[in-house]
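Residue strings, one per chain:
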Amino acid sequence: AQSVAQPEDQVNVAEGNPLTVKCTYSVSGNPYLFWYVQYPNRGLQFLLKYITGDNLVKGSYGFEAEFNKSQTSFHLKKPSALVSDSALYFCAVRDGRAAGNKLTFGGGTRVLVKP
Amino acid sequence: GAVVSQHPSWVICKSGTSVKIECRSLDFQATTMFWYRQFPKQSLMLMATSNEGSKATYEQGVEKDKFLINHASLTLSTLTVTSAHPEDSSFYICSATFGSGALQETQYFGPGTRLLVL
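The listed protein sequences correspond, in order, to chains A and B. Residues 1 to 115 (our numbering) make up the first sequence, in order. Residues 1 to 118 (our numbering) make up the second sequence, in order.
Simulated from the structure, these hints should not be mistaken for lab results. Any given hint could be a false lead.
List time: in silico DMTMM-like cross-link candidates among lysine to aspartate or glutamate, alpha-carbon distance up to 25 Å [as the list claims (entries may be wrong)]:
# : chain 1 : residue 1 : chain 2 : residue 2
1 : A       : LYS58     : B       : GLU105
2 : A       : LYS102    : B       : GLU59
3 : A       : LYS22     : B       : GLU105
4 : A       : LYS114    : A       : ASP54
5 : A       : LYS77     : B       : GLU105
6 : B       : LYS41     : A       : GLU8
All chains should be modelled from the sequences, with the hints used to inform the complete structure.
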């Protein structure tokens, strides 16, 4: 079984401030973790993923995420948020030991960056 | 690279009619395609997984006869909502993967199709 939780429905941050979007996961085997962003009435855009290797993963648009095995977390971060970062962010996980590559998505976190 | 398109982007239909949604990988051959459904302000719910030339694998609770999936080629998958009813109104999103190993793990999503059944 695999599941992912995004504890915050919405995150508000001022432009230029650091942005953090939280994600915790649960899998039986090896976690493969992903972050996607969705703009209104659009599909999801891939930001970054962790499969193996360095715990700190750098992705698109200046975003990064840190895989923390002991805390079963994969929080998304950006050092300096932009107004254009305002969107809906989804964390997703799959069990690397399971066949196929079905993802389980979190409920999403809406980010609002204020000028 | 890795662009996925969907057509149409919007569709409004009368109750009882069938609607076909196309998902295409424009610059790669898709190993697998996925169909999701998203309700307003909610997360994505996987409906089915399809591979070219084989029958789709549906998630529990998704009616196969209601949501017909045809994966005719490595670049095209279609979802047909048969005898649509207002409760089928939703945002339908497809995704596709390619390659092997770690590369295959990333799903690339289409822009979505919003279906409104009157």
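Verification of the hints:
{"no.": "1", "hint": "A:LYS58 / B:GLU105", "verdict": "holds (17 Å)"}
{"no.": "2", "hint": "A:LYS102 / B:GLU59", "verdict": "holds (10 Å)"}
{"no.": "3", "hint": "A:LYS22 / B:GLU105", "verdict": "holds (22 Å)"}
{"no.": "4", "hint": "A:LYS114 / A:ASP54", "verdict": "violated (32 Å)"}
{"no.": "5", "hint": "A:LYS77 / B:GLU105", "verdict": "holds (22 Å)"}
{"no.": "6", "hint": "B:LYS41 / A:GLU8", "verdict": "holds (13 Å)"}
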